[in-house]
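Turn these sequences into a full structure, and let the hints steer you where they fit.
Per numbering that gives the first Met the number 0, the sequence shown starts with residue 0, numbered consecutively.
Honestly, the hints are just simulated from the structure, not real lab data.
The reader is advised that the hints may include incorrect statements.
Stated by the list, open to error - PhoX-like cross-link-like pairs, simulated, lysine-lysine; straight-line CA separation at most 25 Å:
hint, residue 1, residue 2
1, Lys142, Lys105
2, Lys42, Lys142
3, Lys42, Lys168
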Amino acid sequence: MSVSHISMLVGSMFSATIFVFNAMLVMVLSDALAECFRAFCDKARFTANQASDRHIPTELVENMRALYNELSRITLAMDHIVGSITLVTLLADGLYIFQVLLLFLKNPEENLVAHISNIPIAVRFFLMLYFVSSVHSEWLSAKSCLLRLLPHTGGMEVLRFFMQITTDKVSLTAAGLVSFTRPLILALLGAVLSYEIILVQFETQ
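What follows is the structure, given as structure tokens:
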């Protein structure tokens, strides 16, 4: 084995390790942030259950608003940090999967073992999408919980909090280009399959 082959092998192993590390980092941070929103929703429900006559004191609402704003700030800060990493990792994996899937649809019997060996990359791609979109999903749950609780309170501050919740959209993004939501996963899958089928039909004609 020549020096060039060894250097290429080392380079490919290093790049693969970097992509795996980036994906794991984003997934762990996304899951931790989603867990924070789940805990926030549980705290809101507990506060409502402890309130007498379903009336929540304004002080408790202010505490929930402060906690909600802190979670939103953390989400924004995290998005600034890992947004570009998420974009590069998903874009690289997505383009690779697109190319492999196109080759597989052209010749399903050819290099079947090689195609099967690419399954971990596809799993990593969709797992990453699932975890980053879970932040928005858990925020929606927290939003729904708050919208059910706030009508039991009153005051101008509560009204401002209500308006803030209805106009907010908390989610991780791909460097600000697109917000990661659960419907995005199905939309991407449908778009990829549609374009792959069109390209295969053009190739066969």
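Against the structure, the hints come out as follows:
no., hint, verdict
1, Lys142 x Lys105, "violated, 46 Å"
2, Lys42 x Lys142, "holds, 13 Å"
3, Lys42 x Lys168, "holds, 21 Å"
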